[in-house]
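Peer 1: Letter by letter, the chains look like this.
Number of protein chains: 2
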Amino acid sequence: MPTVSNRSGQTPSSPIRRLVPYAEAAKERGVKIYHLNIGQPDIRTPKIGIDALKNADMEVVAYTHSAGMQSYRDKLVESYKQYNIDVDADEIIVTNGGSEALLFTMLACLDSGDSIIVPEPFYANYNGFAKSLGVNIQPITASIENGFALPPIEAFEKAVTPQTKAILICNPSNPTGYLYSKEELEQLRTIVQKHDLYLIVDEVYRDFCYDGNTPISVLSIEGLEQHAIVVDSISKKYSACGARGGLLMSHNKELMAAAMKFAQARLSPSTFSQILGEAMLDTPQSYFDEVMSEYDSRRKLVVNRLNKIPGVVCPTPKGAFYAFVKLPIDDTDKFCQWLLESFNHNGETVMLAPGSGFYATGGLGTQEARLAYVLKEEDLAKAIDCLEAALAVYPGRVQTVSAEVAS
Amino acid sequence: MPTVSNRSGQTPSSPIRRLVPYAEAAKERGVKIYHLNIGQPDIRTPKIGIDALKNADMEVVAYTHSAGMQSYRDKLVESYKQYNIDVDADEIIVTNGGSEALLFTMLACLDSGDSIIVPEPFYANYNGFAKSLGVNIQPITASIENGFALPPIEAFEKAVTPQTKAILICNPSNPTGYLYSKEELEQLRTIVQKHDLYLIVDEVYRDFCYDGNTPISVLSIEGLEQHAIVVDSISKKYSACGARGGLLMSHNKELMAAAMKFAQARLSPSTFSQILGEAMLDTPQSYFDEVMSEYDSRRKLVVNRLNKIPGVVCPTPKGAFYAFVKLPIDDTDKFCQWLLESFNHNGETVMLAPGSGFYATGGLGTQEARLAYVLKEEDLAKAIDCLEAALAVYPGRVQTVSAEVAS
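Going down the list, the sequences are from chains S and P. Last residue of the first sequence: 407 in the working numbering, with the numbers rising by one and none dropped. Last residue of the second sequence: 407 in the working numbering, with the numbers rising by one and none dropped.
Do not rely on the hints blindly, as some may be mistaken.
With a Cα cut of at most 16 angstroms, we get these calculated EDC-like pairs of lysine to aspartate or glutamate [stated by the list, open to error]:
#1 S:K54 <-> P:D330
#2 S:K47 <-> P:D57
#3 P:K54 <-> S:D51
#4 P:K54 <-> S:D57
#5 P:K47 <-> S:E59
#6 S:K81 <-> S:D207
#7 S:K54 <-> P:D51
#8 S:K47 <-> P:E186
Since the hints were derived computationally from the structure, they do not count as laboratory data. Quick caveat: nothing in here was measured; it's all calculated off a predicted structure.
Using the sequences provided together with the hints, build the complete structure.
Peer 2: Here it is in structure tokens:
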């Protein structure tokens with residue numbers, strides 16, 4: 001029998017995947033599960049987009065330009081101005097989801113054996129893409145004590161090796177909800193300029209900022225024109241995860257030409273997602289106001305409730321729709337399995353994403369978990385009821401953990 | 001300025017791309033171009049699919065299972081039986097286009113430094129995917145003299161090195177239209193069994209077979225259960241190129257588990273393309289009869305007309321919708337540029353894909369070109385009028401080439 005590639009062996013399985021059989025078994029036993037383990041919102045996709053797709057003339061569903069339809073990219077150019085992002089249409093490549101944008105970015109920047117610095121905890125699939133391409137992730141550990149702020153710049157300085165080609169951050173962050181400040185981005189500028197690195201920023205949660213905070217795009221920072229690459233997506237902004245609409249943007253023409261080769265090899269992004277995406281650029285502000293108000297209420301509910309549970313530490317997320325929490329338990333991998341396998345609260349339980357999957361450094365995150373507040377408040381409250389009841393009886397409960405948390 | 005990856009430098013640009021500025025300039029001069037350079041059919045996408053998409057309940061466009069919707073995969077299982085393909089739903093991973101299926105297949109089978117044997121001329125983007133992953137293509141040259149049949153099995157035997165991990169063919173072939181016989185597939189079986197290789201077969205043109213020929217899927221060949229991987233797509237079968245619907249299939253469980261890791265890293269295939277694809281499985285036979293009759297007429301027109309032009313050699317394609325022809329000229333790259341830059345016939349010209357882009361061996365294909373017969377007969381006839389008139393006056397015309405062609 002032929003053998004599979006080493007790269008597939010090194011590519012981690014989805015950290016949540018291990019739990020799926022336990023979730024399925026629980027459902028078969030009639031237990032209701034609140035899914036806080038995945039960033040699949042219950043928010044409706046803007047009707048203006050769905051209607052455009054339904055009304056589109058689609059006699060022949062044809063390829064589009066490999067970089068995306070000109071009309072869509074032109075309209076994106078206008079739309080990005082509101083974020084102080086000043087790009088041309090030829091500085092945008094439309095992709096099949098943010099995932100493909102990240103893949104093309106890594107392919108264009110990084111060779112097998114190269115390294116990329118990523119503050120941890122980070123979006124677990126970064127590791128999947130990196131490993132599949134033979135790229136090493138050099139983690140720099142952020143701390144729950146200061147809400148997962150950018151680690152000291154000296155830590156980045158120390159981590160840079162001759163193999164280091166890029167720094168990758170997610171802003172606002174999945175999984176921590178941390179929103180990087182202009183000052184932090186400027187600190188990163190110092191490092192990437194000094195060592196001639198790319199600064200790749202996953203900004204797919206840009207529109208989810210709370211407490212009056214404004215998102216700072218890396219493309220608005222002066223002096224990063226040749227360094228900055230932005231990965232974006234319609235999945236979260238418009239709750240259209242299944243559309244697979246994404247893009248990458250950069251002012252660096254050589255980088256865009258390199259990425260374009262990979263875009264041409266796969267011929268075309270989805271015509272459907274582009275029709276949807278272009279129409280959704282006209283989504284009325286009232287939609288976003290409503291969605292943000294909803295997420296803000298959910299966020300407050302989650303943070304308030306969790307921090308009242310003895311031993312639980314939940315920093316206040318400034319962006320995205322995740323809370324990354326510390327729990328007074330032995331091991332969240334075990335706890336999450338136990339929640340599905342051995343626990344229910346009035347016939348209900350909750351599914352979380354164990355923290356360890358978001359760290360590249362072994363042994364970290366074992367008391368942490370990510371909660372996606374993507375359910376309506378009523379369900380979130382019940383999910384936290386389950387969590388609270390579970391923590392009271394979980395056999396692996398440990399001494400209360402104390403941590404001073406910046407709000 | 002940070003530098004782009006070596007892999008992007010090694011990845012070839014689309015071979016047709018170089019011609020695009022000349023095509024644009026010709027259009028600006030008011031010249032009409034018949035595009036035979038790309039496999040984008042003018043055939044309508046089945047209405048049953050478009051209607052299903054338009055009528056779908058899409059309040060929240062959510063992720064699906066990373067391997068594709070269960071309902072879609074179950075229905076695919078039934079549908080494949082007509083091709084003597086007996087797969088389970090968990091032996092299918094639905095992808096964003098055949099391109100992504102090929103990417104996942106290569107990632108799962110091949111490491112950087114590995115080699116893959118591909119008969120040339122081959123679909124140019126195989127090289128793009130291979131180079132992007134550090135994989136070397138070992139070409140084995142097929143010959144226009146026997147209509148691009150499988151090269152002698154001894155040539156494969158000689159090419160196998162310790163780095164060789166797979167053989168990749170396209171059946172029926174883009175770009176040659178050649179349809180591999182059961183005997184040829186069995187010859188490949190001997191080689192892949194002996195050397196423990198994967199046999200990857202791109203079967204996206206399976207439904208386009210002429211003269212009563214039946215397509216033989218590699219998955220129907222006994223003894224290849226652990227070796228065979230099929231790449232498929234809805235792009236060509238249903239003229240739905242922009243939907244980005246594809247899949248990979250294999251009975252090899254280890255291989256599927258490896259591919260699944262990459263599928264999970266990108267979360268989900270397109271929900272839209274799956275709704276479309278599932279509904280299109282109910283496309284009435286009359287649609288395919290009509291389409292095949294149309295393509296068959298086009299094929300006959302192209303082959304008959306081309307072989308009447310002095311010096312032109314056009315083997316009769318048994319499948320797909322391409323003709324790979326030899327022209328009595330110095331260099332098709334130059335000729336194709338000249339067609340756009342310096343020629344018109346009553347204000348019209350034709351765009352072809354130069355043959356060299358389909359060969360990995362340097363210097364081959366310089367007198368060859370691929371024509372996609374994806375336009376209606378009236379336009380195809382005019383396109384060939386242009387080609388005929390062009391060959392009569394092209395300054396780089398050479399002595400008539402003679403080649404005995406198997407029909």
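Peer 1: Each hint should be assessed against the structure and marked as holding or not.
Peer 2: A quick look at each hint next to the structure:
1. S:K54 <-> P:D330: Since the Cα atoms of S:K54 and P:D330 sit roughly 50 angstroms apart, the hinted pair is violated (cutoff 16 angstroms).
2. S:K47 <-> P:D57: holds, 12 angstroms
3. P:K54 <-> S:D51: holds, 9 angstroms
4. P:K54 <-> S:D57: holds, 11 angstroms
5. P:K47 <-> S:E59: With Cα atoms ~8 angstroms apart, P:K47 and S:E59 stay inside 16 angstroms; holds.
6. S:K81 <-> S:D207: Judged against 16 angstroms, a Cα distance of about 14 angstroms means the pair holds.
7. S:K54 <-> P:D51: holds, 9 angstroms
8. S:K47 <-> P:E186: Given that 16 angstroms is the threshold and the Cα spacing comes to 53 angstroms, the pair is violated.
The structure does not agree with the numbered hints 1 and 8 stated previously, though it agrees with the rest.
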